[in-house]
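Residue strings, one per chain:
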Amino acid sequence: MAHIVCSHVDKAYGAVNVIKDFNLEIDDHEFVVFLGPSGCGKSTLLRMIAGLEDISGGEVSIAGRTVNDLEPRDRGVAMVFQNYALYPHMTIYDNIAFGLKRMKVDKAEIDSRIKTVAATLGLEPYLSRKPTELSGGQQQRVAIARAMIKTPRVFLFDEPLSNLDAKLRNHMRVEIARLHQNLKTTTIYVTHDQLEAMTLADRIVLMKGGAIEQVGTPAEIYERPRTLFVAGFIGTPNMNILDVTARSDGQDWLLEGDGLRFRVDRNRFALKEGHAYTLGVRPSSLSAAPLQDNRENTLAGITDLVEFHGDSALVSFLVGGKEIGALVPASSRPKTGAPVAFSTSVESLHLFDRSTGLSMLRMESQA
Amino acid sequence: MKSRTSLPAVFLAPPLAILAVLAFVPTAYAIYISFRDRELSRPDGSFVGLQNYLDLFSDRRFINAVGVSLTWEVLTVTLTLLVAIALGILLFEFASSRMRGVMTLLFLVPVILPRVSAAFVWKFAFHPLYGIVTYPYKAITGQPLDLLSSPATALMTVALVDVWQWGLFFAVIVLKLLETLPPQPFEAARLDHARPWEVYAYVALPMLKAPLISLAFIKMIESLRAFDLIYVMTRGGPGIATETLDMYAFSQGFIESGRISYASGMAVLMMLATTVIFTVIWKRVKP
Numbered sequence: 001m002a003h004i005v006c007s008h009v010d011k012a013y014g015a016v017n018v019i020k021d022f023n024l025e026i027d028d029h030e031f032v033v034f035l036g037p038s039g040c041g042k043s044t045l046l047r048m049i050a051g052l053e054d055i056s057g058g059e060v061s062i063a064g065r066t067v068n069d070l071e072p073r074d075r076g077v078a079m080v081f082q083n084y085a086l087y088p089h090m091t092i093y094d095n096i097a098f099g100l101k102r103m104k105v106d107k108a109e110i111d112s113r114i115k116t117v118a119a120t121l122g123l124e125p126y127l128s129r130k131p132t133e134l135s136g137g138q139q140q141r142v143a144i145a146r147a148m149i150k151t152p153r154v155f156l157f158d159e160p161l162s163n164l165d166a167k168l169r170n171h172m173r174v175e176i177a178r179l180h181q182n183l184k185t186t187t188i189y190v191t192h193d194q195l196e197a198m199t200l201a202d203r204i205v206l207m208k209g210g211a212i213e214q215v216g217t218p219a220e221i222y223e224r225p226r227t228l229f230v231a232g233f234i235g236t237p238n239m240n241i242l243d244v245t246a247r248s249d250g251q252d253w254l255l256e257g258d259g260l261r262f263r264v265d266r267n268r269f270a271l272k273e274g275h276a277y278t279l280g281v282r283p284s285s286l287s288a289a290p291l292q293d294n295r296e297n298t299l300a301g302i303t304d305l306v307e308f309h310g311d312s313a314l315v316s317f318l319v320g321g322k323e324i325g326a327l328v329p330a331s332s333r334p335k336t337g338a339p340v341a342f343s344t345s346v347e348s349l350h351l352f353d354r355s356t357g358l359s360m361l362r363m364e365s366q367a
Numbered sequence: 001m002k003s004r005t006s007l008p009a010v011f012l013a014p015p016l017a018i019l020a021v022l023a024f025v026p027t028a029y030a031i032y033i034s035f036r037d038r039e040l041s042r043p044d045g046s047f048v049g050l051q052n053y054l055d056l057f058s059d060r061r062f063i064n065a066v067g068v069s070l071t072w073e074v075l076t077v078t079l080t081l082l083v084a085i086a087l088g089i090l091l092f093e094f095a096s097s098r099m100r101g102v103m104t105l106l107f108l109v110p111v112i113l114p115r116v117s118a119a120f121v122w123k124f125a126f127h128p129l130y131g132i133v134t135y136p137y138k139a140i141t142g143q144p145l146d147l148l149s150s151p152a153t154a155l156m157t158v159a160l161v162d163v164w165q166w167g168l169f170f171a172v173i174v175l176k177l178l179e180t181l182p183p184q185p186f187e188a189a190r191l192d193h194a195r196p197w198e199v200y201a202y203v204a205l206p207m208l209k210a211p212l213i214s215l216a217f218i219k220m221i222e223s224l225r226a227f228d229l230i231y232v233m234t235r236g237g238p239g240i241a242t243e244t245l246d247m248y249a250f251s252q253g254f255i256e257s258g259r260i261s262y263a264s265g266m267a268v269l270m271m272l273a274t275t276v277i278f279t280v281i282w283k284r285v286k287p
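Residue numbers (the UniProt record's numbering), protein chains in the order written: chain A, 1 to 367; chain B, 1 to 287.
Check before you lean on any hint, since a few could be wrong.
[As the list claims (entries may be wrong)] Simulated DEER-style distance windows between Cβ atoms:
{"no.": "1", "chain 1": "A", "residue 1": "D28", "chain 2": "B", "residue 2": "L106", "range": "52 to 58 Å"}
{"no.": "2", "chain 1": "A", "residue 1": "K104", "chain 2": "B", "residue 2": "V280", "range": "56 to 62 Å"}
{"no.": "3", "chain 1": "A", "residue 1": "L358", "chain 2": "B", "residue 2": "P182", "range": "40 to 46 Å"}
{"no.": "4", "chain 1": "B", "residue 1": "P182", "chain 2": "A", "residue 2": "T91", "range": "53 to 59 Å"}
{"no.": "5", "chain 1": "B", "residue 1": "P182", "chain 2": "A", "residue 2": "K104", "range": "24 to 30 Å"}
{"no.": "6", "chain 1": "B", "residue 1": "P136", "chain 2": "A", "residue 2": "T151", "range": "52 to 58 Å"}
{"no.": "7", "chain 1": "B", "residue 1": "A95", "chain 2": "A", "residue 2": "L358", "range": "45 to 51 Å"}
{"no.": "8", "chain 1": "A", "residue 1": "G209", "chain 2": "B", "residue 2": "K176", "range": "52 to 58 Å"}
{"no.": "9", "chain 1": "A", "residue 1": "G209", "chain 2": "B", "residue 2": "P114", "range": "55 to 61 Å"}
{"no.": "10", "chain 1": "A", "residue 1": "N267", "chain 2": "B", "residue 2": "P182", "range": "55 to 61 Å"}
{"no.": "11", "chain 1": "B", "residue 1": "P182", "chain 2": "A", "residue 2": "L195", "range": "24 to 30 Å"}
{"no.": "12", "chain 1": "B", "residue 1": "K176", "chain 2": "A", "residue 2": "T91", "range": "25 to 31 Å"}
Hints are computed from structural coordinates only; laboratory data are not their basis.
Ideal Cβ placement from N, Cα and C applies to all residues, glycine included.
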């Protein structure tokens, strides 16, 4: 078992710095997800840990050993690739056995270990087939079997479910979660899918432009996004974003914008008088309110569009020219053109500095 | 599908007619005269049945030529592929993309050179007194080194020139083939405890099995046509040490005795043998 430490890791391609001063400690048995939009450097980072990319600066250690200059095979890691990367000319059996054969494990042991792994992943009927004769989900299971059988210290997953269709993706996600529950191997999992990240991760590392934006448990990241970027990236449907200006009435902060006014506790946010902020509120934390003019902590407008989701519906309306979405139970969804009003509790409001994008939540209230 | 117009026939007829005149007529005529005793010095000849073929099998020079031809095939095809794969992998593994471009250009030069020119260049390079290849040996030992005049080394020396032309060209093809492969299986193999040579031996080359077999076939056919190279460098000598089948047929038919029927018999046998052997190998290796 192994814990992983990245300290001051840099990656540069020529003059372009794609990873800048990356620092992270991953505990033994932990399941960490690198999440971010494409091009944020999450895959590059994973490949650096695997040894497939050079480390331009800083240090990566696995189980207390610096691995910067070690060959991939000597790092004790196993990786599952997005496009499976199976050996096309070998049978499934040989694909899974390849690593063990290279490690000179004797035949009888390889055979018994493959039987065990194949049973775990339901691959027994396919062992004598070639990869092209298998479906995408089955191929990815083979790739996981190939990684598992080496009993690595660290599992690395590089967007393993991106090539699968939605239903299979859900299924495989559950399988990966179950696998980690049983094996407890330290795992790094790269994805751009926030649902995968939220459901699988012990901790999420949210990245943007080669740097960490926020590290935390899924709940922390969802409930207390450190920046506007995190708030916008996590959560479906997307968070509603509104421009406001802060004003003190001596007792509370008043946040005023085009067609809206919110009153918040001074202890909750550290604001400056007359400063411009961005207010965020999730569609799910809006709840229907009585129609009434100029109420505080309320967003009102004319229903623009109603998207039916099944149990719920997303109601879109305009407030001060900005589109706002609110999730309502499907049974009580309004008709297009109907006036609506939604209120929200002050606790579910997020405030970010307009220029820096940083959350204005006070430290003491973040605990 | 039945075509509604005669357009395909219109377009196909002229080339097929030319092909018939250029290929089928001589072939048919060769088969015809191989059953006669026609000689270049006489205008007539009579039907002799299989006599020419029977004579061939008791002709020790013919048996020698068969041996030389087979050796030549095996030698040049094997060496060409080995050199191509080795150089292709070296380029793929160690050369930067700029370096690859330069090397590709250099590797293509020999095969662009007309083979007769290549043969003359190398014949001179192997010259015992003035050759640049043999110079170091002469400088060290004081003895001239005449590779092309020794029965033991002549065929091998000519084969080296053939490999120089084709091995380098095929190395470029192997490099390009390697570049078309998806990189992930290689990366997976590196994580699967494979050493660099194992990545190539167990992953990259097996993935290229089909195109490499095609390359082998191209080279086998190409090696059959090495007449000009051997003719310029050794003329089949010393003695008959490098006399291949086509060379022997040529000298029987035109140079030495003008026994055109005898030579045709040889050519027909060669055609039959290559057709049969190639068909068998093709069926065997086809996946």
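Report the numbers of all earlier hints that the structure fails to satisfy, in ascending order. Failing hints, ascending: 2, 4 and 8.
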